[in-house]
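> Letter by letter, the chains look like this.
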Amino acid sequence: MNKKSTEILVGLFVCIGIAALFFMALQVSNFQALQNKASYTITANFENISGLKDEALVSMAGVPIGRVSNIQFNADDYNAIVSMRIDQQYANLPTDTSASIYTAGLLGEKYIGLTAGGMDEFLTEGSIIELTQSSLILEELISQFLFSSSDK
Amino acid sequence: MISIRNLTFSRGEQKIFDNISLDIMPHKITAIMGPSGAGKTTLLKLIGGQLIPDTGSITVDGKNIHQLSRAQLYTLRKKMGMLFQSGALLSDMSVFDNIAFPIREHTQLPENIIHTLVLLKLNAVGLRGARHLMPSELSGGMARRVAMARAIALDPEVIMYDEPFTGQDPISLGVLVRLIQTLNKTLQLTSIIVSHDVEETTSIADYIYVLSQGQIAGQGTPKELAESDSEWVQQFMHGKADGPVPFHYPCDSFTADLLAH
Amino acid sequence: MNYLQHLGHSTLKSLAKLGRASLFFYTIITALPYVLMRPKLLIKQMFSVGVLSFWLIIISGLFVGMVIGLQGVYTLSTYGAEGSLGIMVAASLVRELGPVISALLFAGRAGSALTAEIGLMKTTEQLSGMEMMAIDPIKYIIAPRFLAGFLSLPLLALLFSSLGILGGHLTGVELLHVDVGSYWVQMQSAIDFYDDIVNGIIKSVIFAWIISWIALFEGYDALPTSAGISSATTRTVVNSAFAILFFDLLLTAIMFGSA
Ligand SMILES: Nc1ncnc2c1ncn2[C@@H]1O[C@H](COP(=O)(O)OP(=O)(O)O)[C@@H](O)[C@H]1O
Ligand SMILES: [Mg+2]
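Protein chains in written order, with our numbering: chain A, 1058 to 1209; chain B, 11 to 271; chain C, 41 to 299.
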């Protein structure tokens, strides 16, 4: 093995390794989504967010349009304040858009689904979504079902 | 040149040197002889500063080598060449690169001068033609000669040979004996040979120390030693099977051993 | 009494060895600037440590990924969740299997070779010989190998995981017809670059440090005989494996415990 070809092979090895890192970043992970694409932040108050996490998807009509950027507890009205980063390309959400927390599949991840309203004005940086529906809590659902069926 | 005073060195429980003193004369060949395990290699490593004595001092060129800083020790080592028992050639480099290695590391000489120097050194040991071989392709005698060329690469003042004759065929033996002698003369070296090969060593040494059990059992010119009145030295120098060093490992008498069953 | 004595004795011996190993590591660190000035030494070692482990890692990664693909489809289809196959393959590889298996393979392939090589250099007095030529073997021999191991394993682990994800695609998507879109899109939305991939890389950097350290120290500390080298080589593989598994548990608890 002569010196030159050793050097070439080592160079190739390092290049392939770095290519693997790029593959990981661009194909496997959400690295692209993390890059500050132009976006604006809106917030919404929920009575209960049970299980919603940072970086959860925000979608509209099933299409991801942003992510949850921050979740805080508001001690004044005992609600949760959820901030969402929405891609700038979806800047035309009406101000009466409503937000609900859903579960992907029966036991899957929580995400926020937005439903468009009919107003002509649009949500902008710092807008607050007024219409929210909290997460469905499985235990409550089951007890409701049990009570309503025992009523019959 | 080198003087050792009241040196004591132990490995674990075992006292390898017990308060010995000896002197190495400049530009002479001094031999240190003794049976295997007497501590000959250990002595060379002490002189080279690789091991640290329990007590006593070793001065090389007027400097107590165990009081030198690491940098000073490394500077001093450039004046010492050592030929290890196994040759200690770097196995992933060719013969040429092995000899060029210390020159490249310690000097800023341009490559064409290094080339000339290496060929000179190889020529001195008669192996200019073997420069492209790898250490694994060399015979034992050739490996030692290459190691010699490397040991003189930096033009040292002292050269130490660890068992240069062990395991050599008669022809390479002759070559090595002659080489040690001519290198010593032409380069004005101070040579130390460690060996238990009596015949070859006595033929070239100017002065001989014989080590045994941590002590210097005898010293003198080869002629003086041959006529020594110490029984032990007589046994060692003439290779007698029995004497002060018994043929039998210490044990009960044979009859007692047999009767025990 | 005898037993206690023995216990005390071996504890002291282990402590002394740990002390030697730490000192050894410290001298390696101080020698690293020298290596950075001599990139040729590093490149040569990157070849024998990294490039020579390349195919082993590539092929193992591909097969591990293909197996996870098959097993994943069988398990997930019970819940009608084949769509999440991509998440399962990528998460298990990127967080755990990639760093850990590549480290175990690396310890067996490169670590044992390093120990044997250094042990042999010690036995044949090459290290002493260098010292007598006033060349520091830590700088010239040990530190380049350490840095090469340290740089190679994270790259190998990334390759292992990448090939594994492609392997999962081969069995899951090509063979068992999981939807290609959900394989990749769900993977992308579930795998976080910092939490998963960067943490996985940090793991393999730490494993690289441990393996290179153990392997080089065992070689340097080996008894200079053939039996000494062979037992040092065994110790490298065994101790590296234990250390990898232990640190993996620790790191997983730190990194993913709070998530
Ligand atoms: N690295 C070592 N660790 C422990 N003991 C050693 C080591 N090297 C040598 N010895 C012991 O020191 C004594 C002297 O060894 P050495 O100097 O190699 O003898 P010689 O070269 O005269 O044959 C021997 O008894 C040997 O077992
Ligand atoms: Mg010896």
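No wet-lab data here; the hints were simulated from the structure. Quantities reported herein were computed from a predicted structural model and do not represent experimental measurements. Ideal placement from N, C-alpha and C gives every residue a C-beta, glycine not left out. Worth double-checking, as some hints may not be accurate.
[Unchecked claim] Facing chain C, according to a computed beta carbon distance under 7 Å, are these residues of chain B, among others:
1. S96
2. L100
3. P112
> With a cut-off of 7 Å, does the beta carbon of B:P112 approach a beta carbon of chain C closely enough for the hint to hold?
holds, 5 Å
> With a cut-off of 7 Å on the beta carbons, see whether B:L100 makes it to chain C.
holds, 6 Å
> If you take the shortest Cβ to Cβ gap from B:S96 to chain C, is it below 7 Å?
Holds, because the Cβ-Cβ distance from B:S96 to chain C comes to roughly 5 Å (cut-off 7 Å).
Hint check: no violations occur; every hint is consistent with the structure.
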